Amino acid sequence: MAFFLTLPLILLIALLVLYPAFYSMHLATLNKSMQKFVGFANFTFLFKRDTFWMVVRQSCIFAITAVFFKALLGFIVAHFVHNLPAKGQRKWRGMLLVPWVIPPAMSTLAWLWLFDPSYSAFNYTLSFFGVGPVPWLGDTFWARFSVILVNVWYGAPFFMIMYLAALKSVPDQLYEAAAIDGANWWQRIWYVTLPMMRNIIAITTLFSLIVTFANFDIVRILTSGGPLDSTHIFATWAFQVGIQSSDIPLGACVSLFMVPILAVAAIFILRDVSKRGNEA
Amino acid sequence: MSTLAIDKGGPTRKIKYRSMSRDRAWALRWSYFFLVVFAIFSLTPPIYMLITSLKSSAEISAATNPWWVFHPTLANYVELLTSNQFLRFFWNSAIVSIVVVIVTMLISIPAAFALARMKFWGSTTLATGVFLTYLVPDSLLFIPLFKMLAVVQDLTGITLLNRWYVLLFIYPTLTVPFCTWIMIGYFASIPKELDEAALIDGASWLQTLTRIFIPVALPGLIAATIFAFTVSWAQFLYPLVFTTSVDQLVLPVGITTTLIKGDVFNWGQIMTGALLGAAPPLIIYAFLMDYYIAGLTAGATKG
Numbered sequence: 001m002a003f004f005l006t007l008p009l010i011l012l013i014a015l016l017v018l019y020p021a022f023y024s025m026h027l028a029t030l031n032k033s034m035q036k037f038v039g040f041a042n043f044t045f046l047f048k049r050d051t052f053w054m055v056v057r058q059s060c061i062f063a064i065t066a067v068f069f070k071a072l073l074g075f076i077v078a079h080f081v082h083n084l085p086a087k088g089q090r091k092w093r094g095m096l097l098v099p100w101v102i103p104p105a106m107s108t109l110a111w112l113w114l115f116d117p118s119y120s121a122f123n124y125t126l127s128f129f130g131v132g133p134v135p136w137l138g139d140t141f142w143a144r145f146s147v148i149l150v151n152v153w154y155g156a157p158f159f160m161i162m163y164l165a166a167l168k169s170v171p172d173q174l175y176e177a178a179a180i181d182g183a184n185w186w187q188r189i190w191y192v193t194l195p196m197m198r199n200i201i202a203i204t205t206l207f208s209l210i211v212t213f214a215n216f217d218i219v220r221i222l223t224s225g226g227p228l229d230s231t232h233i234f235a236t237w238a239f240q241v242g243i244q245s246s247d248i249p250l251g252a253c254v255s256l257f258m259v260p261i262l263a264v265a266a267i268f269i270l271r272d273v274s275k276r277g278n279e280a
Numbered sequence: 281m282s283t284l285a286i287d288k289g290g291p292t293r294k295i296k297y298r299s300m301s302r303d304r305a306w307a308l309r310w311s312y313f314f315l316v317v318f319a320i321f322s323l324t325p326p327i328y329m330l331i332t333s334l335k336s337s338a339e340i341s342a343a344t345n346p347w348w349v350f351h352p353t354l355a356n357y358v359e360l361l362t363s364n365q366f367l368r369f370f371w372n373s374a375i376v377s378i379v380v381v382i383v384t385m386l387i388s389i390p391a392a393f394a395l396a397r398m399k400f401w402g403s404t405t406l407a408t409g410v411f412l413t414y415l416v417p418d419s420l421l422f423i424p425l426f427k428m429l430a431v432v433q434d435l436t437g438i439t440l441l442n443r444w445y446v447l448l449f450i451y452p453t454l455t456v457p458f459c460t461w462i463m464i465g466y467f468a469s470i471p472k473e474l475d476e477a478a479l480i481d482g483a484s485w486l487q488t489l490t491r492i493f494i495p496v497a498l499p500g501l502i503a504a505t506i507f508a509f510t511v512s513w514a515q516f517l518y519p520l521v522f523t524t525s526v527d528q529l530v531l532p533v534g535i536t537t538t539l540i541k542g543d544v545f546n547w548g549q550i551m552t553g554a555l556l557g558a559a560p561p562l563i564i565y566a567f568l569m570d571y572y573i574a575g576l577t578a579g580a581t582k583g
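Chain order of the listed sequences is A and B. Heads up: the first sequence runs through residues 1 to 280, numbered per our numbering. Heads up: the second sequence runs through residues 281 to 583, numbered per our numbering.
So here's chain A without its partners, still in its complex pose:
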């Protein structure tokens, strides 16, 4: 009985998640026309390419920087919202979560337009301060900066909401006790807020690390990997190699390099989630 209720779920996971995952490993060992087994030739080919190492480095820079700033910004904004009188919180929360609600493909188009080389609204505004024009997407440094900026814009609200929920669950008595003991604001954050929110921070950060590391939409629409492949991350490069240049085995190979980092993050999340389950 119970088995039949879960059967569709099991079939879905087995056929459309597990099977493709293993199939991907099989594909990665074939040659471009997918008729010959070549072993690890695709992998060794990648190791010899500079672009590949650039993608590895850019993926790590992109994911770590973006997640760090998302977490920091989310934490700060959550505190400010938490400071407000309870009545006004809803309105602000609603406004600040908007970036997360808009489909990223749509909002990235707006950013693309804001970054437009000749009509950039940012450059228009900056010109009044005597700054710029900034080549937002044309220059390697600025293009990397821009994709991270858009990712932070999109993802920070998620952290804000998670932290806000966590902040509300910290009992007020702890702060009162800390205040009586003469703790200043920094000590209160360090010794009360952070330990109480430790688990939620860990889960949110790891989760975001997975999503950011595997990001596709933002980089694809904003730069398509350019200029000179400098903003490519694993997903966009795998798309370019595997689908656009139709070298499916090599594309599968590229995307498989995401697995180790995703797996490590997943293991830690699972540990924290089950810990939470045991506490409750």
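Please note: incorrect hints may appear among the correct ones.
From the structure, some residues in chain A lie toward chain B, with a derived Cβ separation under 8 Å [as the list claims (entries may be wrong)]:
(1) L9
(2) G94
(3) L194
(4) M196
(5) I221
Covered, in the sense of this in silico footprint (three residues per stretch, anywhere, with C-beta under 8 Å from a C-beta of chain A), are these stretches of chain B [claimed, not checked]:
(6) 323–331
(7) 358–371
(8) 446–452
Label pairs and their calculated CB-CB ranges [unchecked claim]:
(9) A/L228 x B/Y445: 38 to 46 Å
(10) A/V264 x B/H351: 23 to 31 Å
(11) B/A430 x A/F129: 29 to 37 Å
(12) A/M25 x B/A559: 38 to 46 Å
(13) A/Q244 x B/Y445: 22 to 30 Å
(14) A/G132 x B/T353: 25 to 33 Å
These are calculated hints, taken from the structure and not from any lab test. Just so we're clear, the structure is a prediction, and the values are computed from it rather than from any experiment. Even for Gly, the Cβ is constructed at its ideal location relative to N, Cα and C.
Fit chain B to the given chain A structure using the hints.
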């Protein structure tokens, strides 16, 4: 909470003589100041979409103040909403999202019910597996899935590539794991006495599910539905890989591929399309914000 006032004043002796209410007032002022800054940062792109969508191509290329509309016009909206191509994208997106929501619920509610209440061989492993599946990103699977579809198409002769309906099978891999996971959490929080009482009264498992679990866990169900809808509506990578003909595209892919013609960007129309594409999730969010947030936070806190 006078954290911020002390932040500004620094830990000097003076603080002791300052009144609590003045501390609080300053904390509040600083909070409002920074929140306004963050709100501007958050809302600039959507507002800029709206501004641009109200401009004519002539006004955009005249490069006047980009933050202001001098001659507002609805021409972009009229043009898109009367274009069969755009309506086709909208229709494809709507049908795919709605069917995926229904499929997701049909799969995940029974499964969550079984995993929350009936202990059977491998049930805990399966629950963990569901959560792990939720962590598998689309960018890991699009290449093997693409090849799989090509192989199945060759074997059976059923056209799968470049057809919108193939998305109906693919999207549930993104929605079902999360929905099952949060439904397990909601179902598990229902007191056992409730369904035991129903069983004693002679209700079947199916009746317990439809008469007790679904009504009691309705908030969770709504949160899961919203999640499934927004994920399906926003999905970009799978349709970009699996569909190419103009009449098969969904909204996000349609806007990014057809409205950008070569190097000619018709920004007024692109922004209008993007705004119309963002509208359904935004409208749902505006009316059901609390459910939306419940679904968002449930992922890490439930279970």
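Structure-based check of all given hints:
Taken as an interface hint, A/L9 checks out: its beta carbon lies about 4 Å from the nearest beta carbon of chain B, inside 8 Å. A hinted interface residue such as A/G94 counts as satisfied when its beta carbon comes closer than 8 Å to some beta carbon of chain B; here the least separation is about 6 Å, so the hint holds. For A/L194, the suggested interface contact is broken, since its CB lies about 13 Å from the closest CB of chain B, more than 8 Å. Annotation: interface hint on A/M196 violated; nearest CB of chain B at approximately 14 Å, more than 8 Å.
For A/I221, the interface hint holds, the least distance from its beta-carbon to any beta-carbon of chain B being 6 Å, beneath 8 Å. Closer than 8 Å: that is the beta-carbon criterion, and the segment 323–331 of chain B has 6 residues meeting it against chain A, so the requirement of 3 holds. With 0 residues carrying a beta carbon less than 8 Å from a beta carbon of chain A, the segment 358–371 of chain B misses the three-residue requirement, and the given coverage is violated. Residues of the segment 446–452 of chain B with a Cβ under 8 Å from some Cβ of chain A number 3, which satisfies the need for three, so the listed coverage holds.
Separation of A/L228 from B/Y445 is about 39 Å and conforms to the stated range, judged on CB atoms against 38 to 46 Å. Taking 23 to 31 Å as the suggested C-beta distance range, the pair A/V264 and B/H351 does not conform, at roughly 55 Å. The hinted range of 29 to 37 Å is not satisfied by B/A430 and A/F129, whose Cβ atoms lie roughly 54 Å apart. A hinted range of 38 to 46 Å for the beta carbons of A/M25 and B/A559 is consistent with their spacing of about 41 Å.
Taking 22 to 30 Å as the suggested C-beta distance range, the pair A/Q244 and B/Y445 conforms, at roughly 24 Å. A hinted range of 25 to 33 Å for the beta carbons of A/G132 and B/T353 is consistent with their spacing of about 30 Å.
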